[in-house]
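Sequence order for the protein chains is A and B.
Under our numbering, residues 26 to 292 are what the first sequence spells out, in order.
Under our numbering, residues 519 to 957 are what the second sequence spells out, in order.
Note that these hints are calculated values from the structure, not bench results.
For each residue, glycine too, the CB sits at the ideal point set by N, CA and C.
Treat the hints with care, since some could be wrong.
Label pairs and their calculated CB-CB ranges [as the list claims (entries may be wrong)]:
1. E178(A) <-> K569(B): 44 to 50 Å
2. G888(B) <-> E178(A): 28 to 34 Å
3. G248(A) <-> G621(B): 44 to 50 Å
4. P531(B) <-> A234(A): 46 to 52 Å
5. V256(A) <-> G572(B): 52 to 58 Å
6. K622(B) <-> V251(A): 48 to 54 Å
7. D776(B) <-> E196(A): 53 to 59 Å
8. D776(B) <-> N73(A): 41 to 47 Å
9. G609(B) <-> I290(A): 48 to 54 Å
10. N73(A) <-> K569(B): 54 to 60 Å
11. P531(B) <-> I290(A): 43 to 49 Å
Distance condition first, Cα-Cα at most 30 Å in a straight line; then the derived DSS-like pairs of lysine-lysine [said to hold, decoys possible]:
12. K842(B) <-> K143(A)
13. K204(A) <-> K913(B)
14. K886(B) <-> K150(A)
15. K602(B) <-> K143(A)
16. K143(A) <-> K569(B)
17. K204(A) <-> K734(B)
18. K238(A) <-> K909(B)
19. K238(A) <-> K602(B)
20. K699(B) <-> K734(B)
21. K143(A) <-> K944(B)
22. K813(B) <-> K137(A)
23. K955(B) <-> K204(A)
24. K944(B) <-> K150(A)
Residues per chain, in single letters:
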Amino acid sequence: MNTIILSLLTLGSLGLIFGLVLAYASKKFAVQIYPRIEKVAGLLPGANCGACGFPNCQAAAAALIEGKTEADSCVLIEEEALRDITKIIGQKGRLRRLKEKKVARLICQGGKDQTEEKYIYQGVKDCRVADLLFGGEKACPYGCLGLGTCVQECPFGAITLDENNLPVIDEDKCTGCGKCVQVCPKEVLTLIPKSKKVWVACGSRAKGAQVKKVCQVGCIGCGLCVKACKVSAIILENNLVRIDYQKCTNCGDCVEVCPTKAIAICL
Amino acid sequence: MKILTFPGGVHSPTSKEVTRDKKIEPAKIPERVIIPLLQHTGAPCEALVSKGDGVSVGQKIGEAKAFVSSSVHATISGEVTEIKPLPYPLGSETASVVIQSDGKDEWLESGESIDWKALSPEEIREIIREAGIVGLGGAAFPTHVKLSPPKGKKINAYILNGAECEPYLTCDYRLMVEKPKEILEGFRILMAAVGVKNGYIGIEDNKPEAISIMEKELKSQSDIQMEVLKTKYPQGGEKQLIKAILRREVPSGGLPFDVGVLVSNVGTAFSCWEAVVLGKPLVERVITVAGSGIKEPKNLRVRIGTPISDIIKECGGFNGQPGKIIIGGPMMGLAQWTSDVPVIKGTSGILVFPQEEVLEEISLPCIKCGNCVDSCPVNLMPTLIESYAEKGRLKEAESLGALDCIECGVCSYVCPSKRPLVQMIKYAKFEIARNNKGK
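Next up, chain B with everything else stripped away, as it sits in the complex (with noise of 0.2 Å):
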């Protein structure tokens, strides 16, 4: 089988081996959770239940009034106790709906189980809306939305994401390996939503496991296609993915829809098969917890909103004095200031670094060795965009296609004098948003 890639990217150590084995466990079910009100990409939803309501699991606490937006659910049954902005794992405060649990799990009561091939794509992007169902690969875009493309924007192919190129994270692989069944059907419940007959699905070389059991699934049936990719970062973006598996280029400034593709996570397509099939909307997922600060590193598959220091209780508690707590991936996660923050719907995984292994990197002079630039995946000149941005002169670098980056930090990975690429690239993009709202 030929194996596929996209220019650019690197081969970054993967580090999986530690997690690669480890079975999906389910989590205890925590005291409290946090459950905040914006998980999602879009505008924040809105609470529907007051303080001391009684919840159940299931239960709709966040109405999504945008068309951007994503419904929220109680994850445990119990009390709601606050709704107050409390730290998230994506910024510094956001308004959020805390539960105290009474214990017992009690569930919502859902519907029967339905033929999925009755419905009409209308009523299964309902029900996805209803589920609260976003992008569980990182970035937390409201399925719904990704699955109402714009009139004329014809859908010829969709692609399921198992590629999983983030070092570390070993959730989707698990999924794939123990899921197979209802990862499948749940892609096919997402292509029927926008009425599409190819489907796609891409793993890297490093997961044959997968590969194989997914191959084994697939065998005689043509509406899916299983492509091998190069083990490298980042394969699983989505740009890097159509690149790599139908040779298309997404437009600058432009979305997957744009060259008639879509693209979705193992793990969404999961969720989409509980919600459609099971009628349960998205209140767990499965993340990895894993870096050498965590004495048993472990596949969880834990309750949203469950706040971090209790999964990392749950793992043994931290091996040596932490240094650095991230949550995501090691290339786009975010490094936590608490551990109060609780795990959202976009949280893949926790990474946990001692503090022998956090370094302070001094940044030196540009040497103009052009490594970023031949590395980047999206064929941008990091250092160039990174100059600009140091200066302010925000025009210049939008015009070398700051708004394009991906932020997969490759750049910053592969420079030898430690320049802070990506970081100011995102803090470019921050201010020229800024500053196209204002006009």
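The following block holds chain A by itself, in its conformation from the complex (with noise of 0.2 Å):
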């Protein structure tokens, strides 16, 4: 019996002693949290992707409550969530218009099947890497590597590569951050506005006839499209074409016309 009591009163004791230095220390150390930026931080899309400048939705947050930054910096945002942070941090002028959503494209279409390659490789799964080896296998100096590096840096999931080995982008998860863009060696990558569907899917800027040596779906310069464009948004610049954004109707008469079919469109 002595010992069942002995226990409880020790235990007991024990409990009460360590409950009241837990209380102390929680009075003591507390961490100072700023409402307003733990509010504006859950109203923030939680990517954590890094596009603003910050290294975190956090940091974002915080930066917002001192006036650092604004909350259109945020590439993910949703109007209604800019409304309310807009709300909470009383930038009442300064509601701005969402910027427009961009997308990440792929501007190459040359897979295993449609461009040569110089040589087998065999080394370390990294685009990075293999363009330190003469520029990788692909004979198309611009050509996509396809070892997908792009899709190991997407934070969202949003980059798969296909059978043909080429990055495959999912419009719905791409938030448009560009971390794919900046880790491509070859540049293949692009962010353009998410409501222009129509884009040039070749960045070789080699002449015509070399194209045509190295790969199936290259621009060779031709200047069909230049001549179809209702718009003239279409430009002819070093062997290459490039569309302007501002003019571009996506009525898809140049990827009608281009005899290689380098034009992609996406409906």
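Once you've looked at the hints, go ahead and assemble the two chains, each given alone in its own frame, into the complex.
Set out below in structure tokens:
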């Protein structure tokens, strides 16, 4: 009987002592939380993509409160959340129009079936490493190497490699943060406005004959699309065409005339 | 005699038997040469000729404008047919001068042979600079730059590198056996150019013939000392050589002159002899053509700019289906994607391996055995640097000394999991250098 009481007493008093210490510590060493930062952080997407220039959403929220940045610097934010955030931080006059959403597009269609290879690459499966060895195994010096460095880099899982070893971008998941664009050694990824459905899917600045030799789907700089475009939104420079998105109307005429199908469209 | 060495390294098979006893033969003078304007470490030189110009052998066709750069010379006589970017062994493409031979092999008049002992160090350096001499061991660092260490760095020892630790290669060995007098005189010229009194020559103990020939030549002369080195890779790395012979350690981020030493390859010494004594610029070099994918392995004296396809043809062609063509040694050399690339100043060998011998290794996770750490000749932790490089944490990779890596490839060679260690460290070095440049 005695043992039971003794142990109850010991454990009970130990519990009491620890409880008191913890209660004291929680007062004494309390971490100050700014409720407004917490609220704003809750409204931010929470993807920690870093596209705003801050390491994560928490840091971006703190910067917002301190007035160091603006809510529309977030590439992912929805209109409603933006409005709520502006209410909290009191930037009434600074509620801006949402930036046009962008999406990453692949400017190469030369998968392993369409583009010649100059050697068999057996090294590290990372485009940045492969690029150091004579610019990668693709015979086209501008082509996608298809080792999936962008797939690994994408924080939203929006990129997958297809059976042709080309990255496929899921438009719904892509937030336009631009991480894949930064990481790609061949610069075959670019951000274009989400509302624009037509893009030149080739980055080769080589002459037409050279392109033809190594790739079936490259831009040969023939200029047919330039003529076909009714709003003259297509410019031919350095053997490659480029679309001026201020003018483009998504009509798709250029896609139809392109002899090598180097202009892509997604509807 | 005491056999010297450095800590770390590997005892890989040397595979030198095939070409060890093959005399250096002069290769056929090529029909067409491709001379890249960038063959060395440093800035590319500027073309002095234009399309259609006639050139003779030894005529300077590329001028080194920057300090760390080296001139290039025509290596056959004929007509310049093209100047455009073409594939070269070290990267994708670089501006190159193409010369079509006229079949005459006319040399530029060379001056009378001079007594170099009467020359001042500046004059020697100037001759070496004009002759376009670079380190022929592989890195191709301009020799005149090496011979001009920054003020305040006192040089008190010069090492002649005859280690030739890369497997298969025997070009330096053959040169030491066939031209010992010229090499030693060239070495004395190099020593005079920096005013060094102490010379050392380091040779691995698997080349007894070269050692005895050099010893005979050096008898009764005390300015140059013969040192026998253990056969171990990478014994011929300059920092490893300094450690083995002088017991000095080049500090992290430093160069040999930081410990008062310069190192040059035997091939470089021979070319210096040719330049200073015969007035002949660097237009040819000795290379080893070997590997089981080649019919008749040889040691050849070839003109710089000869396409390697010509050399392979001269060595009897491919033996079976070629799987890999490597320029340089098997450890540090670069596999090539085309046989249109030319031999350049830093090319020490061409190795061809048949398809059956080219294996694709599957890399498995690191088992933390520490083999790479034990054998790294510069005391790095390759496995950690590789992990950081893989995750893009370049700051950590740099703080672990990634930039001190000499890219010898020992870590990848010993790794039981076949991790791409040296490859990832090379990548980390490239990215770190790029980031630092941007700052």
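So, going through the hints one by one against the coordinates:
1. As the Cβ distance of E178(A) to K569(B) is approximately 45 Å, the hint placing it in 44 to 50 Å holds.
2. At about 31 Å, the CB distance of G888(B) to E178(A) agrees with the hint of 28 to 34 Å.
3. Taken as a hint, the range 44 to 50 Å holds for the pair G248(A) and G621(B), whose Cβ atoms sit roughly 46 Å apart.
4. Between P531(B) and A234(A) the CB atoms are about 47 Å apart, so this pair conforms to the stated range of 46 to 52 Å.
5. Here the CB-CB span from V256(A) to G572(B) is close to 55 Å, well matched to the stated 52 to 58 Å.
6. Between K622(B) and V251(A), the C-beta spacing of about 52 Å keeps the proposed range 48 to 54 Å intact.
7. Between D776(B) and E196(A), the C-beta spacing of about 56 Å keeps the proposed range 53 to 59 Å intact.
8. Between D776(B) and N73(A) the C-beta distance comes to about 44 Å, which sits within the given range of 41 to 47 Å.
9. Checked against the hint of 48 to 54 Å, the pair G609(B) and I290(A) fails, with Cβ atoms roughly 37 Å apart.
10. For the pair N73(A) and K569(B), the beta carbons lie near 57 Å from each other, so the given range of 54 to 60 Å is met.
11. At about 58 Å, the CB distance of P531(B) to I290(A) disagrees with the hint of 43 to 49 Å.
12. As the CA atoms of K842(B) and K143(A) are separated by approximately 13 Å, the hinted pair is consistent with the 30 Å bound.
13. Between K204(A) and K913(B) the CA atoms are separated by roughly 19 Å; this keeps the pair inside 30 Å, and the hint holds.
14. Proximity of K886(B) to K150(A) is assessed by CA-CA distance (about 21 Å); at most 30 Å being required, the pair is judged to hold.
15. A hinted pair counts as satisfied when its Cα atoms are at most 30 Å apart, and K602(B) with K143(A) qualifies at roughly 20 Å.
16. Pair hint K143(A) plus K569(B) holds up; C-alpha atoms about 29 Å apart against a cutoff of 30 Å.
17. Our distance criterion of 30 Å between C-alpha atoms is broken by K204(A) and K734(B), whose separation comes to about 65 Å.
18. Annotation: proposed proximity of K238(A) to K909(B) is violated, straight-line Cα distance about 37 Å (limit 30 Å).
19. Our distance criterion of 30 Å between C-alpha atoms is met by K238(A) and K602(B), whose separation comes to about 19 Å.
20. This hinted pair checks out: K699(B) and K734(B) have alpha carbons roughly 10 Å apart, not beyond 30 Å.
21. For the hint pairing K143(A) with K944(B), the CA-to-CA distance comes to about 22 Å; that is within 30 Å, so the pair holds.
22. The suggested pairing of K813(B) with K137(A) is violated, with an alpha-carbon distance near 34 Å, which exceeds 30 Å.
23. The hinted pair formed by K955(B) and K204(A) meets the criterion: a straight-line CA distance of about 22 Å does not exceed 30 Å.
24. Our distance criterion of 30 Å between C-alpha atoms is met by K944(B) and K150(A), whose separation comes to about 15 Å.
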